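Once you've looked at the hints, dock chain C against the given chain B.
Residue numbers (the working numbering), protein chains in the order written: chain B, 3 to 295; chain C, 862 to 1247.
Calculated directly from the structure, the hints in this document are not laboratory data.
A hint or two may mislead.
As the list claims (entries may be wrong) - With the Cβ distance kept under 8 Å, some of the chain B side facing chain C (calculated, not the full set): (1) Asn14; (2) Tyr108; (3) Asp194.
To be verified - Restraint-style ranges between C-beta atoms, simulated for each label pair: (4) C:Glu1227 - B:Asp97: 57 to 65 Å; (5) C:Asn1063 - B:Ala64: 33 to 41 Å; (6) C:Lys921 - B:Leu82: 55 to 63 Å; (7) C:Asn946 - B:Ile233: 29 to 37 Å; (8) B:Val113 - C:Lys1048: 29 to 37 Å; (9) C:Gly1225 - B:Val113: 33 to 41 Å; (10) C:Phe1061 - B:Val113: 34 to 42 Å.
Computed from a predicted model, the values in this text were never measured in an experiment.
Positions of the beta carbon are idealized from the N, C-alpha and C atoms, including for glycine.
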Amino acid sequence: MDLATFLVQCLNALQYGLLLFLVASGLTLIFGIMGIINLAHGSFYMIGAYLAYALAPIVSGAFGGGFFATLLSGLALSLLLGYVLEWAFFSFLYDREHLQQVLMTYGLILVFEELRSLLVGDEVHGVAVPELLSGGVPLGGLMSYPLYRLFISVVCLAIAAGMYFVFTRTRLGMMIRAGSTNREMVQSLGIDVTFLYRVVFAAGVALAVLAGMIAAPVSSVYPGMGNAVLILCFVVVVIGGIGSVRGAFFAALLVGAVDTFGKVLLPQAAGVLVYVLMALILLWKPEGMFRTG
Amino acid sequence: MNKIRFALVAGAVLCAALAAAQTPGKIKVGLMLPASGTYASLGNAIENGFKLYVAEQGGKLGGREIEFAQVDDESDPAKAIDNVNKLLKRDNVDVLVGTVHSGVAMAMAKVAKETGTPLIVPNAGADAITGSMCAPNIFRSSFSMWQPAYAMGEVMAAKGYKNVVTITWKYAAGDESVRGFKEAFEKAGGKVVKELNLPFPNVEFQALLTEIAATKPDAVYTFFAGAGAVKFVKDYSAAGLKKSIPLYGSGFLTDGTLEAQGADAEGLLTTLHYADGLNTARDNAFRQAYAKAYKTQPDVYAMQGYDAAQMLAAGLNAVKGDLTKKAEFEAAIEKTKVDSPRGPFTLSRSHNPVQDIYLRQVTGKENKVIGIASKALADPGRGCSL
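If we strip away everything but chain B, and leave its shape as in the complex, we get (with noise of 0.2 Å):
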């Protein structure tokens, strides 16, 4: 591999990282900082990228179109769908056991499943990169850098910046971070956790959702696709800690950066050496990366 073809996987490999910090984040925020297990939390995933495909039209309909009109429904959206859930099933979850949070959660799964295909079908369908970013940027003689991916990266960046700001600066972040300590404390305090986790959990949904619909263009949109995204969210938030959205991060551009490097280096075991760094890392230190509190 010379130095050119290197940089370049190792842009790949960011570029990937990040965008799976994208969708580990709003599940380390559901799990880590309200204790739940979702596993619904690649449907979400699914559902954001559906909605990429799905609202378009509509959208183009009512506002003339656009990718971001369609972005911010999007967002809307799921955050009204992530508040009314947490409303009808999540709050009853707080204090069962794991268990029953991963069957209520696997039902979910089922039931988004069989709904986006009454009402989408079976088919995969792609979603067109917004005229703005269809370029690519050229790199070396053959290749191009498509430009949307970039966008993705630096979206990605800015959300992962915000998410900081807002756990380590803002009086939001604080409660937050307060409430998942100790629940029963702050709610004496005279704040409304109640409310509190339907916002972060609502947030949690819409991360997921937004990291769908910006996946799209480059994903295609098809039956299962948040299954495998599941796996990996996993993997990115326990070896981030549990709980740490700055252990996710770098767990992300880990995880990003041995599934890129495993693929061109090592193609037999490709499948497995994220995994293995999972594996490896739970040994070294078993609560993870950054485990908070």
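Okay, now just chain C, sitting in the frame of chain B:
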């Protein structure tokens, strides 16, 4: 009062028994196809095609009425044996038809081989079904993985390419496709300089696309299907490789996926045993009848289902619907010339179609035929001792 009632009931039972004895029994066809999951639409097309031909014959083949028993195989090899047994033991089917997924079809072939029940495979392309697992009662109306791949090897060698990179998923279908391609391409003097693989069904191609760019081959041969095919074609184009390194593939790369691939697929060349724009009287008639019956255009899967029914008809007609004449039934299918929408085909000694493989080019939303890549191509049926 009781006596009268008894007499009435007894009379009714007797009549029913007589009626049943007089009508020749129906032939029960067991359709084992995916009705849920990723392959659901493929299973549906096969079923439609099969039933279209039966309906065209007035619901009867070989003078006997056809009835169906159906099982959703879920494309799950782990449940395959159970599902076949449901059809055989619970529904007592006379003939098995299925399926899309190769792993499931292999399990069906295994059971069919043991029980001797006739099996017609309407899609699954695993070479082994008409190779090492072949049997007198197992037939295929579709293709073997080897066929379109081998034909593409010939085409690309004839175009003068010397160094080619292959890329596919690391699983049976991908391996078989690349092997078939390599066999023809290297026989004609070309060289496969690198075989790239990624685990099935991983669709993160960017790292391997970079490898392709670094290797700078004359062209790329690929096997992907479904969602993977959509994403690969789009990524290949987005990486700017489409204009510098031509991409070729087995036909499934662009079948049923063109709507999603959009402009990124335009101009791609693929090989398959069916194509759009064949414009033969037979194909036009089939497409019209199918569109009329189901309000949608047929695809390669519908065509394969239709031909599976034609093959069954050939066998049943020869024995006048009497499936106990097993050897005659099997010999009749083996010798038949199927008047398929794809063009007439015969069966090889291992019961795989000997057929023309078309070279097709993506134009708009169609895989337009631009020529015949390999005429009357027969799968070698390696490992078959028939």
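Hints, one by one, checked against the model:
no.	hint	in the structure
1	Asn14	holds, 4 Å
2	Tyr108	violated, 17 Å
3	Asp194	violated, 42 Å
4	C:Glu1227 - B:Asp97: 57 to 65 Å	holds, 58 Å
5	C:Asn1063 - B:Ala64: 33 to 41 Å	holds, 37 Å
6	C:Lys921 - B:Leu82: 55 to 63 Å	holds, 56 Å
7	C:Asn946 - B:Ile233: 29 to 37 Å	holds, 32 Å
8	B:Val113 - C:Lys1048: 29 to 37 Å	violated, 53 Å
9	C:Gly1225 - B:Val113: 33 to 41 Å	holds, 38 Å
10	C:Phe1061 - B:Val113: 34 to 42 Å	violated, 27 Å
The structure fails to meet hints 2, 3, 8 and 10 from the earlier list, while all remaining hints are met.
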